[in-house]
Each structure stands twice: as C-alpha cells, then as structure tokens.
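Please take these sequences and the hints and turn them into a complete structure.
Number of protein chains: 4
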Amino acid sequence: MARYDFASDNAAPATPEAMAALSAANVGYASGYGTDAVSARAADLIRAWLDADAEVRFVASGTAANSVALAALCRPFEAVVAHEHAHIITDEAGAPGFFGQGLGLIGLPGASGRIDPTALDAALAGPDVSYRQGVAALSLTNATEYGSVYSAGELCGLTAQAKGFQAKEGGLGVHLDGARLFNAAAAGFDVTAIAKGGVDLLVVGGTKAGMPPTEAVVILDRALARRFDIRLKQSGQLPSKARFFSAPFIGMLEDGAALRHAAHANAMAARLAAAQPFPLAHPVETNGVFVHMDEPTLKRLHAAGWFAYRFTDGSVRFMCSWATTEAAVDELAATLGALRP
Amino acid sequence: MARYDFASDNAAPATPEAMAALSAANVGYASGYGTDAVSARAADLIRAWLDADAEVRFVASGTAANSVALAALCRPFEAVVAHEHAHIITDEAGAPGFFGQGLGLIGLPGASGRIDPTALDAALAGPDVSYRQGVAALSLTNATEYGSVYSAGELCGLTAQAKGFQAKEGGLGVHLDGARLFNAAAAGFDVTAIAKGGVDLLVVGGTKAGMPPTEAVVILDRALARRFDIRLKQSGQLPSKARFFSAPFIGMLEDGAALRHAAHANAMAARLAAAQPFPLAHPVETNGVFVHMDEPTLKRLHAAGWFAYRFTDGSVRFMCSWATTEAAVDELAATLGALRP
Amino acid sequence: MARYDFASDNAAPATPEAMAALSAANVGYASGYGTDAVSARAADLIRAWLDADAEVRFVASGTAANSVALAALCRPFEAVVAHEHAHIITDEAGAPGFFGQGLGLIGLPGASGRIDPTALDAALAGPDVSYRQGVAALSLTNATEYGSVYSAGELCGLTAQAKGFQAKEGGLGVHLDGARLFNAAAAGFDVTAIAKGGVDLLVVGGTKAGMPPTEAVVILDRALARRFDIRLKQSGQLPSKARFFSAPFIGMLEDGAALRHAAHANAMAARLAAAQPFPLAHPVETNGVFVHMDEPTLKRLHAAGWFAYRFTDGSVRFMCSWATTEAAVDELAATLGALRP
Amino acid sequence: MARYDFASDNAAPATPEAMAALSAANVGYASGYGTDAVSARAADLIRAWLDADAEVRFVASGTAANSVALAALCRPFEAVVAHEHAHIITDEAGAPGFFGQGLGLIGLPGASGRIDPTALDAALAGPDVSYRQGVAALSLTNATEYGSVYSAGELCGLTAQAKGFQAKEGGLGVHLDGARLFNAAAAGFDVTAIAKGGVDLLVVGGTKAGMPPTEAVVILDRALARRFDIRLKQSGQLPSKARFFSAPFIGMLEDGAALRHAAHANAMAARLAAAQPFPLAHPVETNGVFVHMDEPTLKRLHAAGWFAYRFTDGSVRFMCSWATTEAAVDELAATLGALRP
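In order, the protein sequences belong to chains A, B, C and D.
For what it's worth, numbering that gives the first Met the number 0 labels the leading residue of the first sequence as 0, then goes sequentially.
For what it's worth, numbering that gives the first Met the number 0 labels the leading residue of the second sequence as 0, then goes sequentially.
For what it's worth, numbering that gives the first Met the number 0 labels the leading residue of the third sequence as 0, then goes sequentially.
For what it's worth, numbering that gives the first Met the number 0 labels the leading residue of the fourth sequence as 0, then goes sequentially.
These are computed hints drawn from the structure, not numbers from a lab.
One or more of the hints may lead you astray.
Any copy will do: because identical chains look the same in the list, a pair fits if it lies in one copy or spans two.
As the list claims (entries may be wrong) - Derived lysine to any residue pairs resembling SDA-like cross-links, with alpha carbons at most 25 Å apart:
hint : residue 1 : residue 2
1    : Lys162    : Arg221
2    : Lys195    : Trp48
3    : Lys162    : Arg225
4    : Lys195    : Leu300
5    : Lys162    : Ala222
Here's what the structure looks like:
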C-alpha cells in the first residue's frame, strides 16, 4: 500500500482544532442555508483576519468555489486570464467553462506560477474582436501552484493592471484562488492587501489547510453579492447544514491554528528541500517541493512505496501538510538519497 | 430566537454514529477523490443494503446529486417528467436546468406527491415535435415531498411505464431522489425494488437522515458510470477528501442506525399527527406532518417561537428527525392546541 | 398535398420588395460580420421607424434573437416573466434556458395573450428566496400569440411595473418579442412607444412579415451593446454575409412595404373572421383567427386538404400573411362552412 | 473605401446559380422547419454528391453548424481534439464551449493546418484522469484553414485512429468542418471518402462557396439524428422558412456549379501565388494564399486600399472566391510587387 504522506496536502486528515469545532457546532437545531450562528461567527473571523468588509459563504469544494467566482465575473463570451499552470486551467476538468457556459481561459506565462506582468499587459493589449472572447477577469493564485508567493506589492500591481484595463468599463474583475492562502500568509504575505488591492472575489481554502471539506467564498465587491445565495443554490453549493462547512474555520481561526499549522507545513517543506538530493525545479517558499526527476527514478520511488505526482511542468511534486512529521521527511529524504546516490 | 426543531429535518445535528465514523475515518493519510478505503467500505455497505451491483459516489449536496443525475439522463433539448411539487422543480433554484444547460422539467399531478400513472401515460402520449423538448427521463421521489411512500409495486409500475416509452430507443432514464429514502424504508418500502425495478440513478440522502452534509449517488446503470468522475469533478462534486463524505454512511449503515433513526423520526411524526388539532393535508406515512392552517394562525405560531414553512401546496409543514424528542412533540402540540382551541 | 396557406405566416414566400432588395445588395464585395454598408442602411431605417437611438443587429431566427436577448437580461439563477402562452415558453424547445444556461421562465395569465397587470404585480411581490430563481426580466410580445395588440399605454404600463421592481437595483430588464410587430403597427400600435416606454431589447421579426429568414435585434439600452457582437458570434448568430439578413429590411422599410403588407394580412384575417362559421376564441386584431373546433372536425379539415394547427389554448389557428388572397380566404371559409353547416 | 476582394471568401456576393435557385424556390406556400420539398430535393443532391445515406439539415452559420455538431459528439466533461489553428479553436469566440456547456478543445500541431497523426496518437495515449476532460471527438477541416487538402487516404487514416481509441466504448466521434469542402473537392479530394471513412457529422459550407448564408449539416451516423430537429430548434437553428437555406444548394449542385466555381477560386489562388513576390507560408492547394509579410508592409498594403488579415500563424492571407477575376489578381499582384520591389 502506497504512502500518501507527500502526495498532496489534501491527503492529510483534518486537524484536531477543526474537528473539535465541528463537534462543538453539532449541538441543537440550526436554521439552514448559512443563516445559522456558527456560520455568522466563522464569517466574522474571516473578515477580521482579512481586515475586510465582505460577504462570506461556505462551500464544499475548491473547484466549485473557483468556478462560481469566475462565473460571477465573466459572461460566456468573455475570458479569464490566469497563469498557464493555474489549477483552474489544468486540474479542474473544465469546471470554469461548465459553470460559466463556455467562458474562456487564457494562460499566461511566468516563472514558478507567478504571472509575468509584461505578459499580462500583452494579453490586454489590442481591441476586442468579434471572433475572440473578450477578457473580463484576472485570476491569481497565492500561494501559487508551484508554492511561490506573490508579495502584497506584486499582487496589488497585477490587480492595478487589471483594473486599469478598459477602465471606463470598470476594468477586469479579479479573483484570487487562496487554496493555500494560509501557507502564503505563514510565509509572510500580508492578507490585508487582498481587499486593499481590489480583489473582487477570494476563495480561502479550508481543505488543504487541514479542515474537512470546506472553502470560504469571500465576496469583497458587495455588488456581486446580490442573489449570490440563489447562484450558490443553483450550483449545488448552498449547503442546508452550513454549520458543518463553517465550523472548521472557527476552530482554525480563533486561536491562530491555521497559521500555526501552515507554518509547520512550510517548515517541513524547507526541511525536505534542504535534504533533497534532486535539483529543485522551483524555489521553496511554502509547503511544496518540486524537483527534477526522470521517469525511471519516479517509478522506482513509487515501487519503494511513496506516491508522488509528476506535475504540469514536468517536475515531481512533494507536498507537506500540517500532519507531516520530521520523521516522515527524513524517511522520504533517505529514500530519495538512495535513488540518487 | 426561533426554534427550528420542526422546520426541516436538516435543522438537526448529526447523529452520534455518523460523527463517530467521521472521527474514526480521520486517521492517517488517504488517497484523494474517492479512491480511499473508507469510501470503498461505505460503497460496499450501500450496495449490500440495496442488494445492487452499482457504482457509488459521495457528493456534498442533494441539489447537486439530483442535478448531476438528471444531466446524465437528459440532453439540453430533452425533458424530465416529475411530480409537479418535486424538490427538483420547486426548491432547487433551477439547478437541473443549470447543470443540464436548459433541460426541461415537466410537472405531473398526483395525490400527496405521488405521480398519477395516468398522468404519466398522458405526458408520454403523442409524437415528438421539434418545438418541444422530448421526454428523456422520469424522476421519482421516495418518500415524496409530502411524506407519502411509493410501495415497491407502485415504483416498479411507474418505472415500467417509463421504460416502455419509445422502448426501441431505450425508454426513459429513471432517477430516484432518495433524500428521505431511509424514512421510506423504515415505513416498509423494500429498497431492493430500486435496482430490480430498473432505476438508473439513485440519490441516497445523508443530510436529512442525520449525517453531516453528504449524499450518495448510486449508478445502477453501469453504462452511465463511464467518465462519471470527470463529470463530478467538472461539477465541483468530486471531493478531494472523500472520506469525509463517505464515512458517515459507514456509521449509519453498519449496525442499522440509519433505519433505527428513521423509524424514530417517523414515529415522532405519527405522535404529532395524533395530537394535531389542525386538519391533516396529507396522510402521515413518514416523518412529515402537513396541516391546513391559515396565515394569521401561522404568524401566531411564529410569534410563539416555532418556525415552520408554508409549503408548495399551501399546507404548513412540520418535519421530525432522528433528534426529535417526545417532549418537543408534546410541547409543539400544546402550542398548536392553544392556537386552535 | 396539404395547403399551408393558413398554417402559419411563415409558410408564405418572401415579398417582391424583400427579394428585390436582396438582389440589389448582392453586388460586389462587402466587409463581413455586419460592418457592411447595407447593414448600416437597414439599421438606419429601423432606428428611424422606431424613433430610437439604438444598436441594431441582424440574425437568422426569431428563436435565436429572443434567446440571445433574454440571456443578455438574465443570469442563470434568475427568471423571466412572460405570458404563459408566449412563444418563448411554449414553442421554442427550451431555447431561452439553453442560451441562458437554465434561466427560468415564469408564465403569467392574461386574456388573449396579454399579460394581466395584476398577475405581474403578484409575480413580483415578496422577497427573493434562495431556492427560487429571482425575477430579472419581463418579456412582452406585440402582437401577442393570439393576435391581440397591446396599446402603447398598456405596454408602457407593464414596462413601468417592471422598472419599478426592486428599483434600487435597476428594475427588471424588458424584452419585446416583435415577431409580428408590423402587424401590431398596422393595427394602430405606436412603435415609438417602445423606446419611450423603456424596452431594453426588441426583436423585430422579418420572417413572418414576408422576408427571407432574418430578424432584427434592436439594442435600446446601449449598456447592453458592449461585446454584443462577440455574444452573437459565440451564439452562431453573427453572419459573415450580414447583408443577406439586413437587405430585406431595406426593401420592406424604405417605401412602407412592411406596413402595407401587414395591413393586408390583417384585413384578410378580418375577412376570414367575418365569414367564419366557428366561434372565435379571441378577438381578431391582427392577422390570426383562432376558433373553437373539435378534434373530429379538425381532422376533416385536414382531410379536406387544409393544414391548421391546434394551439396552446386548445383553439385552432388560421394565419394570414402578405400573400393571402381574398380568393383563398373565401375558399377556406366555404370549406369551413361545409364542415359546420 | 477598402477593397475586400481578397479579405475573405465570404466577402463575395452570391453566385447567379444560387440566387436563381432562391428565386425559383420563392413560390407558393411551404410547410415549415425543413419539411418542405425544396429542402428534400437539396438533401437528395447532397446525398448523391457524397454517395452517402445521411440526414441533412440546413442552418444559418458555420459557427452554429460546427458547434451543434460538436455538442452532439461531446458531453461537457469531454473534449474535442482538432488542429491548433482550426476555426473552431481560434475564430469562433468559444462557440463550441457555449453550445457544449464548456466542452474542451485540445489543439494539435501539424504542418499547414493538417493534423500530424503522431500528435493525434500522443493526445490519445494514456488513461482518463478525473481532473481532465476525456477526449470524445476528433474534428477535421478540409480544406484546412491554410488551404491545404487532406487526401482521402489521410482523412481515412486519421478517422481510423479516432475510431480505434477506446474502441470498445465506440471510439471517438468524428466531425468534418467542410466550410471549404468544394474547394478541396475541386483540388482532387474524393468526397465519397467522408462517409466511407467513418465521419459522423459533416458540415458542408455554403457561404464561402458563393451562396447566401447557409450551411448543410450532414448526419452520417444516423443514431445521432434522433431529436436532432429539437436540438436545432433549441439552438436557434431550425429555420421556419428552410427553403431559403436549402434552395441555394440546389442551384449549386444540380449542374455542378459549386465545383466549377470552386475550381475557379482555386485557379485564381494559383495565379496569385505564381505572381506573388512575398514568400509563401504554405503550399497553395486551394483558394487561399498565405505569405510572410512584415507589419509595416501590411500597413502599406492597407493604405493602398487592399484589406487583408494577418492570420493565426502570423502569415498574411489572401482569399480567392468564385467572384475573383484575373484582372483583380493581377492588380493585387502589381500592388504587392510595388511593396516588395
């Protein structure tokens, strides 16, 4: 049986804090569809953390959260620009197009998952033409797919570019995929820059942070909030028992557990990177370690019982999580060392 | 603060058995997207309970489960026939049309939520015409929205009608919304009739049965299973941490807790019906009690602190759940008695 | 071989004026996708006729024109209110839901195809709820499906109701299906009321007026015009050789042929109504005659070689067109007289 | 005013034969929605030309025809493989995704618009994974976007590869975009190979061949024909006055006009290629000439009054049509000669 310790940060169990909050919330009757007190409390904690006046909803999956957000920012004959290796482009089975009835996705280059601002400018240059979907939104990811982190300044810079596009029409909408936002924050990213920088819709990932399945959709542009509950209901994302999706955020936010766990995951990645005999494909800034490894070696790693994915850019990915132990890192490092003596 | 005890069966907390299974599953790493051992075990238990050879998936909401199922049975220029008060028609914000890109919903009459077989025949009579969506699927609900129960014979009869329509083209697909299937089973419905009768896609509700958010999608027609995981992923319904959706079914099925709790809910509804001073709008066969009550009286009930919905047919609904106590039933009955002396 | 003279106004050939304009436009090269001089001239004539500052596009079918318009006014989790027998509800195979990814259609009652203002008020009463699509648009038809005509005052009254709904959010969008707008105009409807009354999107029917397949989409709310060409292109409705769709409008508008032909069609319907032995189901205000006729009699009419449809409300419909002759009316009347001596 | 002679083959007027057939069809009443005698005759001629037993429908635009076809072959969570510069990928504003609710498009490389068979094999290698849309259809174009022609053998080879993929599941569906099929046929392509080779859905272009707006959808796999009229109606592509879309095919097919005109267009392209001072970007096999030209030179060409597009691959395109004259070719060649002395 393969070990999934480093396969993905979603292979880990939920944290004790998240589970305790779930149990604590599981008391008595509650009104449905997000109108309960648990969900209100979780939303407050998220607003406080982000220092943002926003509507907050809780949904079941990151794919749904991102797709609902993009559908709110784009009409079918419009397109989203994102990093060419963004999760919404490479790993969600075309969900944005499904939720957005064919909305387009335009991939931009950039080192280690960060969009190159020059590439963004180029994508936004030139007039609309009738035979191409017009750009309507920018999607960012922080931490990125490759574990790198946009600084607050970089994020605000890209957002400003987006808002400046066809400014008389209101500019692009901006979506931030925060599946690993806690990891970015633990690495120094100032999350209050999100609202200040003009992001319109943010997804704060619960799952990869160590919660049971849940993601927070943060509606920073309140004009987008109108009928959002109907939008979610129609998308199958307005849970009747919403407290089960919101409670884990209470457990993770009210005493800082989320950041503490994320910092641990980042530290484990740094430890793995330091012990890594294979060349790094990307700088290790959060909880992922990407290395160059040929296919026969990867097969031998699998044969040795460790599961790891070859990723979009061809590198092999090892993800750490709140549950990763130093012992497991050292055990993996030893195996890797044996594969590349 | 209003009491939600009888507002809906999804207002209750999760059962101890479901929560215990959740905790038990929250150990160690697991492979993602439903490939884990917990999900396999839960699927086995569901297959055994239904006596059916089927693929089983676990998703986050009933709206999504039903809509994904209908989209699998209907193309956009086709339609589903269902009871005119079915949840998919009245309460899901058009989700089937969203998932199915405009697929049609045709409502049929029938007493207390059960489709009248004559009305089904009438709906299927006549040739296809180019300006109307062609009927492609039948959607049944058991127990129905009004708490009534199709017997195995009735369900098989309707299914046979559906399969006989344009039989050389394969007949209609049949979907069964089992949001309250455990309540129907506790009331005597033989669930092994589902597979035998020819249902193609079944949704077994977890939420209303006393689980955290989860629904099982049971793919009885295995030809529909091809690429179903991609379908779910694109719909935002292939959870990475699937064990959190499947584990509760283990807790509820392995020692009969689900049926035991459903029988309790049904008994509480019978108790409330017996003590009910308002005239019943429907026979009480499972866990819901529907009564005739005018609007001023409903307002006074709300003012007395009890939340209850006026339903699609104009009656007022009281739902019992696994958590409903005899004391609460008696307390509500006393309040109702005071409202209608 | 059945006679289709009265089956529908789209059974007639195109008028000489439309065909002559088509031939006149078929000279030399032209730029594509509606940027040609012929399309510009046709748009000018339509603006002048309507006394409206609007963008105008030409598309191939009324179904597409209506559906594109509704998709521009409604998001998938919103709904359109229309007369319950409106073409968009009963005769377009769910096209609005297809183009609008499941947008809802809510049918309202009203005599002879005109929406009852009280019913509109009732439909707009009450708050949004998460499980029902929120109303976002009103769709009107003039002349209606049953040939009745809204006066300018009636149309403006309904539009004002729509604009007053949730006024702080901008009210409802208003769509006018003008498949038979020329017939309404010939019956006295003041078309300049359309822009003045606040209609946002108008479809002016070419086909039923006696043109080859073409419909004009008139974008009265210019904010909706942004990226409309991309919307049309993606919908398969931005013709490369647009002059073939626009030229017929030149032939029909520049010397009043459209109104002249519509007046003739209306007069033929009046003649048929006067000679009609069957009881009228609706007042005859434009070019359709609807009568009460039982099924055996309709079968005998078919057997006598005349095709006619039984309509949504159960009546049997006879449509007159620009090509209908007095002789044909008299011949049909004689046949009908023999069927009901 | 710019000259559009070579901007696109859809800039030309309709041929005399097509217009004569249109006028001839414009007589008397006709039943609607493609059930008329003119459409039946046109379908017969297309079947005879292709030597194929197929259903034939007539629609208004190539974008719609292609998109409806792809939606018939692919579900939203599936994808189409096509040449990376195919019209469906680069020039239709995401229409396939709109009609197909987010179906995916995967671009393959290959010289001059022809798919490289090795690239097709590579795209089909490997198992389905849940986070990527599964390949369900192959889309070919003949003549290609760059004017090159697949031989019958090449087309059958690619089709066989497609049918061999997951063969026990039925293989891929195959769509052929024949926007310029007459040009390919005039260049020697044997059109009877289409049906024999296993193409499932073919679009025969009318517009670029010199007809008024019309395209024939040829349903070679009759299993796909079920409810196709409803599909078309819902897509806004079932014209009530179908004879206006079908008649031009009669004029163009019954005496060989289509091929004669296509041969002329091809000959004009050969003449232009021979006189061309700029280096050719692709072999000239049909009616398009693609050359390498820098931007300042293209601007000077525009300034000299000739409109030409820079194409997806960076080359500049000149299209010839049935209406192109030798004099115009020589005049353009002289201008080009002056620009590159």
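For each hint, the structure was consulted:
1. In this assembly of identical chains, the alpha carbons of Lys162 and Arg221 lie at most 25 Å apart whether taken from the same copy (16 Å) or from different copies (22 Å).
2. For the homomeric pair Lys195 and Trp48, the shortest alpha-carbon distance inside one copy (13 Å) is at most 25 Å, but the shortest distance between copies (50 Å) is not.
3. Proximity of Lys162 and Arg225 under a CA criterion of 25 Å is satisfied in both settings, with 21 Å inside one chain copy and 17 Å between copies.
4. Taking the shortest alpha-carbon separations for Lys195 and Leu300, neither the intra-copy value of 45 Å nor the inter-copy value of 46 Å comes in at or below 25 Å.
5. For a Cα distance limit of 25 Å, the shortest separation of Lys162 from Ala222 qualifies both inside one copy, at 16 Å, and across copies, at 19 Å.
In the structure shown, a violation is registered for the earlier hint numbered 4 alone.
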